[in-house]
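Following the hints, complete the assembly by docking chain B onto the known chain A.
Read off the chains here:
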Amino acid sequence: ETGVTQTPRHLVMGMTNKKSLKCEQHLGHNAMYWYKQSAKKPLELMFVYSLEERVENNSVPSRFSPECPNSSHLFLHLHTLQPEDSALYLCASSQDRVNLPYGYTFGSGTRLTVV
Amino acid sequence: DAKTTQPPSMDCAEGRAANLPCNHSTISGNEYVYWYRQIHSQGPQYIIHGLKNNETNEMASLIITEDRKSSTLILPHATLRDTAVYYCIVGGKKAAGNKLTFGGGTRVLVKP
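If you're matching them up, the sequences are chains A and B in order.
The end of the first sequence is residue 138 by this note's numbering, with every number in the run present.
The end of the second sequence is residue 1362 by this note's numbering, with every number in the run present.
Isolated chain A (complex conformation):
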């Protein structure tokens, strides 16, 4: 365990389903992130939350909807996904501090398959 817990580890959903991915960090960090990793591709940053405010949304389709109710929890709500959305979804957290490095701690990811 890294201090960042993602559930579920695996998810299979149909294109008309609605599901949510959950991420919880126990590190006291103040920033959280969603990344997507498709097969044979680099990690793609999706969303950045700092102090529970969304500070970046990297042109992600609206069928992905993030939610950060507090600094320890981050959700990714999924609806009407496409098969090409099948990927490993990774959550990370960090401690944002001015003029100091900000190493990320990643969770183990949710392997999503859209059928």
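Watch out, some of these pointers could steer you wrong.
Said to hold, decoys possible - From the derived model, a few chain B residues whose C-beta atoms are all more than 10 Å from chain A:
1) T1276
2) T1306
3) L1359
What the hints assert, rightly or not - Below, computed lysine to aspartate or glutamate pairings styled on EDC-like, alpha-carbon distance capped at 20 Å:
4) K1253(B) <-> E67(A)
5) K42(A) <-> E107(A)
6) K45(A) <-> E90(A)
7) K63(A) <-> D1261(B)
8) K42(A) <-> E90(A)
9) K45(A) <-> E79(A)
FYI, nobody ran anything at the bench for these hints, they're computed from the structure.
For each residue, glycine too, the CB sits at the ideal point set by N, CA and C.
Same frame as chain A, but now just chain B:
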């Protein structure tokens, strides 16, 4: 944030040192160099970071050139469990919304 260039793959022998190069010629003065690795289907794992001085921890050493345009990650005694994709990333420091942008990394295969 500055971009990095890494070789796509490299092999190394178990028990020997593995030297992973990274070019970051457009790095700016306040950007750190970070190294992460990702073992198959797991989340990336932090290894080490540095600004301009060489750094060492229990996992690896980081050597940064004097002009900061390149760096080398050294795994002193590679084991089979070090087989992974290694990412070199440079990033700045902001008050909020700091982000790490991952490239393709170097796929390292440690062979017996």
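The hints, checked one at a time:
With a minimum CB-CB distance of about 18 Å to chain A, T1276(B) clears the 10 Å threshold, and the non-interface call stands. No beta-carbon of chain A comes within 10 Å of the beta-carbon of T1306(B); the shortest separation is about 16 Å. At the 10 Å boundary, the C-beta of L1359(B) stays outside the reach of chain A, the nearest C-beta of that chain being 16 Å off. Between the alpha carbons of K1253(B) and E67(A) the distance comes to roughly 15 Å, so the proposed pair stays at or under 20 Å and holds.
For the proposed pair K42(A) and E107(A), the alpha carbon gap of about 16 Å is at most 20 Å, so the pair holds. Our distance criterion of 20 Å between C-alpha atoms is met by K45(A) and E90(A), whose separation comes to about 10 Å. In summary, the hint linking K63(A) to D1261(B) is supported, as the alpha carbons are separated by about 19 Å, within the 20 Å threshold. Taking the CA atoms of K42(A) and E90(A), the gap is near 13 Å; set against the 20 Å cutoff, the hint holds.
Only pairs whose Cα atoms come within 20 Å are accepted, and K45(A) paired with E79(A) is accepted, the gap being roughly 19 Å.
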